[in-house]
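Engineer: Let the sequences and hints guide you as you build the complete structure.
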Amino acid sequence: MLSAKTVKIWYAVHKWTSLVCTAFLLMLCVTGLPLIFYHELSHLLGDEIKTVDMPLETPKASLDSVVEAGLKKYPAEFVRFLYWDEDEPDLVYLTLVPSLDAPPDVFRSIAVDARTAEVLAEPKFDEGFLYFMLELHVDMFAGPYGMLFLGFMGLLFVASLVSGAVVYGPFMRKLDFGIVRKDRTARLKWLDLHNLLGIVTLMWALVVGGTGVINTLSDVVIKAWQYGQLAEMAAPYKGKPMPQKFASLDRAMDVAREAVPGMSPDFVAFPGSVFSSSHHYAVFMSGTTPLTSRLLKPALIDAETAKLTDSRDLPWYVTTLLVSQPLHFGDYGGMPMKVVWAVLDVITIIVLVSGLYLWLSRRKKPIEERIAELEREEDLSRSLQTEGVVR
Amino acid sequence: MKRSKSIRRSNFLHVFGVPALLAILSAFGLVTALLGDGVWDVLSWIALAVPVAVIVRHVWFGGPGKDISTDRRSGGDKTS
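Top line first, the protein sequences correspond to chains A and B. Just remember that the numbering used here sits 38 ahead of the position in the first sequence, which is counted from 1. Numbering follows the numbering used here, in which position 55 of the second sequence is assigned residue number 52; successive positions increment by one, without gaps.
Honestly, the hints are just simulated from the structure, not real lab data. These numbers come from a predicted model, not from an experiment. Careful: at least some of the hints might be erroneous.
[Claimed, not checked] Just so you have them, the derived chain B footprint on chain A, three or more residues with Cβ under 8 Å:
#: 1; stretch: 212 to 221
#: 2; stretch: 236 to 242
#: 3; stretch: 323 to 334
#: 4; stretch: 362 to 375
#: 5; stretch: 381 to 389
[Stated by the list, open to error] Quick partial rundown of chain B residues pointing at chain A, CB under 7 Å, derived from the structure:
#: 6; residue: V15
#: 7; residue: A17
#: 8; residue: L19
#: 9; residue: A20
#: 10; residue: A24
#: 11; residue: L27
#: 12; residue: L31
#: 13; residue: G35
#: 14; residue: P48
#: 15; residue: V49
#: 16; residue: V51
#: 17; residue: H55
[Stated by the list, open to error] The list that follows gives simulated cross-link-like pairs (lysine to aspartate or glutamate, DMTMM-like), each with its CA atoms no further than 25 Å apart:
#: 18; chain 1: A; residue 1: K162; chain 2: A; residue 2: D91
#: 19; chain 1: A; residue 1: K53; chain 2: B; residue 2: D34
#: 20; chain 1: A; residue 1: K111; chain 2: A; residue 2: D128
#: 21; chain 1: A; residue 1: K278; chain 2: A; residue 2: D128
#: 22; chain 1: A; residue 1: K335; chain 2: B; residue 2: D34
#: 23; chain 1: A; residue 1: K98; chain 2: A; residue 2: D304
#: 24; chain 1: A; residue 1: K162; chain 2: A; residue 2: D102
#: 25; chain 1: A; residue 1: K110; chain 2: A; residue 2: D143
#: 26; chain 1: A; residue 1: K376; chain 2: B; residue 2: D38
Glycine residues also receive a C-beta, built at the ideal position from the N, C-alpha and C atoms.
Structural biologist: Here's what the structure looks like:
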């Protein structure tokens, strides 16, 4: 077992890392709860876009006509991205920007029927309850620095989980797993609950906390990819201006499908967007299993000639980010998984609040004395019980 | 020497045995749903629900034996 001094150090780590991050972690757990059901809630809140019923085998319109429909509505704007709805195969979205150097938060989304190339709606992703929750959760409306700050809070959370697991040892040395002493002081009951709930959900909390930290690095990761692999792939085109006339997007898609067999398109980044060069359609292909559908593979297609320039697997740091997303969101195992995610989230809230309560109701005694005291009490109650004395 | 070492080990297992099993099960549940749909999802739901079930059992149903003494010395029969 650990020496008294080591326990003291680990306990101090647990106390201070927890104290600093608890308020933010509480906010993250509370705002994260509705975000688990983002998709379902956005439908409930009436954001669902209705498509007309047509026979199942209705052919899809060409993507060129989809793009044309969007630009017809907003002739002065530029297409930045085109992507498909995850659950509704008849919906395609376009992201339009007023100028090619527009900041990343200035854009509009329009939903287009994939069969008729008719503009259906302009979904607003930047208002309402879920948007508020999402912004709080991601960066507290404080941009990249808010995001990195929350990443640091996440790191403290992970440190508090690890140190918490270490000090669980000396606290539980003489106790059975899972004990909840409800018949003594309130503090003892909440200590037992804090220990039980914390240790049982440890792995889940570590994974969700750790992947959350990785997600806060997404801006950095994307920048690294832009200046690394993407720049390398588009190197022969360096300094080339935007094409005057764009080649057919449908032809570019055929070329991409041929270059990356066995995968299907996930989204297209247009020339001038962050995920492409000034002269390429970047078609991001993905697989079909829950894991491979997150692992993208870009194909850079010359937007003037529709010829393949290059296609490579993403580097490890982007792959790490992409894999950490589902593990943080809990959106890869259907509704039952989301429910479990929500329950574990609520349990984490209880662990946070009980931890805070234990600290507020603390007695001013060093940790080793408190453990010894708890153990003496335990020995006493034990001997009373073995002698048949009933409290 | 040998004796105290084995006590130490059994002590460690006594404290961290169940938590370690639950951690492995959780990790298994987190990974399986990534690998495929259908049966993989079901395995994941079960594995991830077990920790929750363990909590429910101990918090609301007291769990087996409230502490070591009642369990080992008086046969787990506790009157209170």
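Engineer: Now look at each hint and say whether the structure bears it out.
Structural biologist: Quick rundown of the hints versus the structure:
| no. | hint | in the structure |
| --- | --- | --- |
| 1 | 212 to 221 | holds (count 9) |
| 2 | 236 to 242 | holds (count 6) |
| 3 | 323 to 334 | holds (count 3) |
| 4 | 362 to 375 | holds (count 7) |
| 5 | 381 to 389 | holds (count 3) |
| 6 | V15 | holds, 4 Å |
| 7 | A17 | violated, 10 Å |
| 8 | L19 | holds, 6 Å |
| 9 | A20 | holds, 4 Å |
| 10 | A24 | holds, 5 Å |
| 11 | L27 | holds, 6 Å |
| 12 | L31 | holds, 4 Å |
| 13 | G35 | violated, 10 Å |
| 14 | P48 | holds, 5 Å |
| 15 | V49 | holds, 5 Å |
| 16 | V51 | holds, 6 Å |
| 17 | H55 | holds, 4 Å |
| 18 | A:K162 to A:D91 | holds, 24 Å |
| 19 | A:K53 to B:D34 | violated, 41 Å |
| 20 | A:K111 to A:D128 | holds, 20 Å |
| 21 | A:K278 to A:D128 | violated, 36 Å |
| 22 | A:K335 to B:D34 | holds, 22 Å |
| 23 | A:K98 to A:D304 | holds, 16 Å |
| 24 | A:K162 to A:D102 | holds, 24 Å |
| 25 | A:K110 to A:D143 | holds, 23 Å |
| 26 | A:K376 to B:D38 | holds, 11 Å |
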